[in-house]
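Engineer: Produce the entire structure from the sequences given, and follow the hints as far as they go.
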Amino acid sequence: MADMAVEHRIGHSEFEPSLFHTYSNKIGMWLFILSDSLTFGALLFSYSYNRISNPTWPTPFHSGSIINATVMTGFLLTSSLTMVLAVSASSYGNRKAAIRWLLATMFCGTMFVVLHVREWIGLINEGMTPGKNPWGAPQFGGTFFTLTGLHMLHVTIGVVVLGVMALRSMGKKFSSNDIETSGLYWHFVDLVWMFIFPLVYLMSTRIE
Amino acid sequence: MSTDALAGQREALAHRAHSHTPFYIVWGVLLAITAVEVLLAYERLQPVRMLSILLGLSVIKAALIILWFMHLRYEVTRMRRILMASLCVCLVLMCVFFADAFRILHLGVR
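Protein chains in written order, with this note's numbering: chain A, 1 to 208; chain B, 209 to 318.
The set of hints was computed from the structure by calculation and includes no laboratory data. Hints are all accurate, no fakes.
Over 12 Å on every C-beta distance to chain B, these chain A residues come out as not near it, computed from the model: (1) GLU119; (2) LEU123; (3) LEU167.
DMTMM-like, lysine to aspartate or glutamate: derived pairs with alpha carbons at most 25 Å apart: (4) LYS26(A) x GLU14(A); (5) LYS26(A) x ASP178(A); (6) LYS26(A) x ASP36(A); (7) LYS132(A) x ASP308(B); (8) LYS26(A) x GLU283(B).
Please read all numbers here as calculations on a predicted model, not as lab measurements. Yeah, the Cβ is synthetic: ideal placement off N, Cα and C, and Gly gets one too.
Structural biologist: See the structure below:
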């Protein structure tokens, strides 16, 4: 029986078929996204916990800040579109189009980071640090900088990864699977911002 | 990965490559929802009501991104269910801490 079973396995496939019917890189990226979701989830819950338990929670975001954050959101959403077009082009074997869309995604990501840094500088100049701020509950600075800082780090890493993908695509290491996997990461970064933007910015507006 | 599954995925990818219209529509819807969110910020709604609406809209945006941009709708049902169920359960479990946040708000730190 044992000999027959071994013979059966070798006859069909060397390995057990994938549970999710897809390649291992993609499954690995989905698992990373799940774990990273919990990290951002914990930070968002921490922010919300502090907000609920502090009646003097600051509302520092005036109309200019909201417009700035809205433009940042527009750049991220547009970068998701260009990323999905890069994945589509690469799956079709269109290397030039894939590189072009990857560069467009990098541009949008870079613009997001630039606008975010500009906003951070503005808040710091107004006297906000991780430990204190001139408007109210001191926990605001720490939770805000941690949450948005970790997200900005993810965007920065994403831009670098996409740059590597574009360079590899220019050479002989073009792989549509790798571009699709890095696309998953990029969309996840966009997804997280869809919760940070309303919870942190829109719920803390100071619009007269 | 089995050859059949790989061929199926390639076919799905090739099919998507032919038509980009759905992606542009999803992008437009995402931008429109964002515009609604920003307009809500300029209305003086009650915080709890505002939070409920914003979170509802964010969940819709997240679903659109996951299903269309992250291509989860093209994956096998088993993968969709396992990934989303485990994530939702873990995130919902974190809500247990909010009871303590309300306690601090109403009773103070004791």
